[in-house]
Amino acid sequence: MARGHRRLMEPPEPEEDPVELPPRLPVHQHVPRLGIGGIVGVVLAAVLVVGGLFVIAMAVLITVGLNGWASNK
Amino acid sequence: MTRRIRLIMFMTRPAVAVLFGLYAAIGLASTGHGEDRWLLARVLLVMFGFLLLSVACNDIADERIDAINLAGDPRRPLVGNTGRRTEMQVIGTVSAVVALAVSGTLGWPVVAVVTGGMVVSANYSLRPVRVADRGALASLLLPACYVATPYLVGHFAAVSRLGPADFTLLAGLYVTFIGRILLKDFRDVRGDALFGKRTFLVRHGRRPTCLFSAVCLAVGAGVLVTGVQHPTVPLVVGYALGTVAMLGLLAALATDLGHRRDESIISALAIVGRGMLLLLLAHLEMRTAHWSLPAYTAVMAALALAFATQAVTMLRRGAFVKIGLTAASTHETIET
Chain A
57 MARGHRRLME PPEPEEDPVE LPPRLPVHQH VPRLGIGGIV GVVLAAVLVV GGLFVIAMAV
117 LITVGLNGWA SNK
Chain B
3 MTRRIRLIMF MTRPAVAVLF GLYAAIGLAS TGHGEDRWLL ARVLLVMFGF LLLSVACNDI
63 ADERIDAINL AGDPRRPLVG NTGRRTEMQV IGTVSAVVAL AVSGTLGWPV VAVVTGGMVV
123 SANYSLRPVR VADRGALASL LLPACYVATP YLVGHFAAVS RLGPADFTLL AGLYVTFIGR
183 ILLKDFRDVR GDALFGKRTF LVRHGRRPTC LFSAVCLAVG AGVLVTGVQH PTVPLVVGYA
243 LGTVAMLGLL AALATDLGHR RDESIISALA IVGRGMLLLL LAHLEMRTAH WSLPAYTAVM
303 AALALAFATQ AVTMLRRGAF VKIGLTAAST HETIET
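Chains as they are written, first to last, in the working numbering: chain A, 57 to 129; chain B, 3 to 338.
Next up, chain A with everything else stripped away, as it sits in the complex:
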């Protein structure tokens, strides 16, 4: 059995957070926010629509929205 495999087969230890991260929020408290990246994305999408590039504008909006939604705000 490979060394890495054996190590991973050991029973999981209690989870610790050596690096400080904000606590996870319950589902009902999760509020997606735009943030700076989101605002830049929305403005950029508007510029792209005006410039005639509708598809890339939608791609920017959806992707920026997904990124914002995925963060633990």
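Keep in mind the hints are simulated off the structure, nothing from the lab. Note that the coordinates shown come from a computational prediction; the quantities given were computed from them, not determined experimentally. Glycine included, each C-beta is placed from N, C-alpha and C at the ideal position. Treat the hints with care, as some may be off.
[To be verified] Sample of chain B residues lacking proximity to chain A, with all beta carbon distances greater than 12 Å (derived): (1) Ile7; (2) Ile10; (3) Pro16; (4) Ile93; (5) Leu128; (6) Pro166; (7) Val217; (8) Val239.
[Stated by the list, open to error] To give an idea of the interface, some chain B residues facing chain A are shown, with a C-beta separation under 7 Å as derived from the structure: (9) Gly36; (10) Glu37; (11) Leu41; (12) Ala304; (13) Ala308; (14) Thr315; (15) Met316; (16) Ala321.
Fit chain B to the supplied structure of chain A, relying on the hints for placement.
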């Protein structure tokens, strides 16, 4: 009815759907038809059908493993108790039929690609073949299927032949995807190890996985930049910065700092990866539309800024994970 709509939404896996959509849009944009919205709508419909079939097969085959890795997660209908096996079988079958029917309106090369993609994807998860248990082959075959199918559907929807530049672009996307999909296994490592799913991470451990991923991401980015038509300085700079950021994140991931920290780093890597794909798509579309260099540069810079700040937010705040529903609430959900 509402529950079934939610079930389909869970099954589409937003992050994977966006990735497939971007590959398909890049494939279409590489032909110069990126702004043909009617064509793109049909391409995306085919992709969603393909995705739903793949998810249905995967979730049904991996139910026991997901019960350990993702217990109670409503995004996994069978273990989150938000859907039933028969419902997933029906949704998967109907999606496959819809995908094939719509692909028929896009020409025989698209039908051939979608059929091949579905066969590979189903055999990846389902027995007797079940490529997922075959180690290195699984790590190489699944990315090929998940990159080539959307890209080629997008490409063949507009043009029925492939040039050398297309193969290079496809190769760059493929190698980059390998680098990213290896990281997914960090989340699933406990269940994979217990059920003998010999992923790269299970076989080799954390550091070699990060190293191999770094090599794939760097090589893939290089291939993409060299293979794309009319590369520009803003695109090259954007890719160089993105690659440096990903290598830095992988260096951090190589040290075990806890499960939540791993999640944050991998999510930040995904944001940077999506940003680089959007840079490529924006480049292809703006070149086709003959945008001026200042306007082109401003858009590329704004894109890089947006994704960089979102990646930093992810690193600082962590990923949002929908886990923690009680057995009672999930039972209530399925009976609604």
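Each hint, compared with the structure:
Against chain A, the non-interface label of isoleucine 7 of chain B holds: every CB pair exceeds 12 Å, the least being about 18 Å. Even its closest Cβ contact with chain A, about 17 Å, leaves isoleucine 10 of chain B beyond 12 Å, as expected for a residue assigned away from the interface. Non-interface status of proline 16 of chain B relative to chain A is broken: a Cβ of that chain comes within 12 Å, the nearest being about 6 Å off. Against the 12 Å criterion, isoleucine 93 of chain B stays outside the reach of chain A, whose nearest CB is about 22 Å from its own CB.
With 12 Å as the threshold on Cβ separation, the claim that leucine 128 of chain B sits away from chain A holds: the shortest Cβ distance comes to roughly 25 Å. The beta carbon of proline 166 of chain B sits about 25 Å from the closest Cβ of chain A, which is more than 12 Å, so the claim that it is off the interface holds. With 12 Å as the threshold on Cβ separation, the claim that valine 217 of chain B sits away from chain A holds: the shortest Cβ distance comes to roughly 18 Å. The Cβ of valine 239 of chain B sits about 18 Å from the closest Cβ of chain A, beyond the 12 Å cut-off, so the non-interface label holds.
For glycine 36 of chain B, the suggested interface contact is upheld, since its CB lies about 6 Å from the closest CB of chain A, less than 7 Å. At a threshold of 7 Å, the smallest CB-CB gap from glutamate 37 of chain B to chain A is about 6 Å, leaving the interface hint in force. Violation of the interface hint for leucine 41 of chain B is found here, the shortest Cβ-Cβ separation to chain A being roughly 10 Å, above the 7 Å cut-off. The beta carbon of alanine 304 of chain B comes within 5 Å of a beta carbon in chain A, closer than 7 Å, and the hint placing it at the interface holds.
A least Cβ separation of about 4 Å between alanine 308 of chain B and chain A falls short of the 7 Å threshold, and the interface hint therefore holds. Nearest Cβ of chain A to the Cβ of threonine 315 of chain B: about 5 Å, under the 7 Å cut. The hint holds. Interface restraint check for methionine 316 of chain B: the shortest CB-CB distance to chain A comes to about 5 Å, inside 7 Å, so the restraint holds. Taking 7 Å as the C-beta contact cut-off toward chain A, the hint placing alanine 321 of chain B at the interface holds, the least distance being around 6 Å.
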